[in-house]
Amino acid sequence: MDLKARASSTMVSVLLILPLLLCFAGTAEAEICTAIAPKPFCESSHLSQSCTEYCLNNGYEIGLCQFLGGPDPDLYSCICQKNC
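FYI, the numbering for the sequence shown is -30 to -1, 1 to 54, going by mature numbering (1 follows the signal peptide of the UniProt record, and there is no 0).
What the hints contain is simulated information worked out from the structure, not anything from laboratory work.
All clues stand as given, with none of them false.
Listed next, the in silico SDA-like pairs over lysine to any residue satisfying Cα-Cα at most 20 Å (straight line):
#1 Lys52 - Tyr30
#2 Lys9 - Gln36
#3 Lys52 - Asn27
#4 Lys52 - Cys3
#5 Lys52 - Gln36
#6 Lys9 - Leu38
#7 Lys52 - Phe11
#8 Lys52 - Pro8
#9 Lys52 - Glu1
#10 Lys9 - Pro41
#11 Lys9 - Thr22
#12 Lys52 - Gly29
#13 Lys52 - His16
#14 Lys9 - Gln19
#15 Lys9 - Ile49
#16 Lys9 - Phe37
#17 Lys9 - Leu26
#18 Lys52 - Thr4
#19 Lys52 - Ala5
#20 Lys52 - Ser18
#21 Lys52 - Ile2
#22 Lys9 - Glu23
#23 Lys52 - Ala(-1)
#24 Lys9 - Ile32
#25 Lys52 - Gln19
#26 Lys52 - Ala7
#27 Lys52 - Tyr24
What follows is a set of in silico ranges between Cβ atoms, one per label pair, in the way DEER data are often shown:
#28 Gly40 - Ala5: 16 to 22 Å
#29 Ile2 - Glu23: 17 to 23 Å
#30 Gln51 - Pro10: 15 to 21 Å
Here a beta-carbon is modelled for each residue, glycine too, at the ideal position from N, C-alpha and C.
All chains should be built: construct the whole structure from the sequences, respecting the hints.
Pasting the structure below:
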């Protein structure tokens, strides 16, 4: 009888703690959403006020100018990112 009480007590403890563990497990690997701004906000700089403002106004957390390659070495694009 004592064994059944201990087993049910352990099961209740596991059921109470399991949702908390699952909640924290999901936050460790946040997915990042990325978007490329449709207008050329960047010149040859990694930081641009217009790029940052565009991204923040559209729900993103950060906006950086990145070189995406191509024939023109000054071709930078505004990249917006946020946690999904």
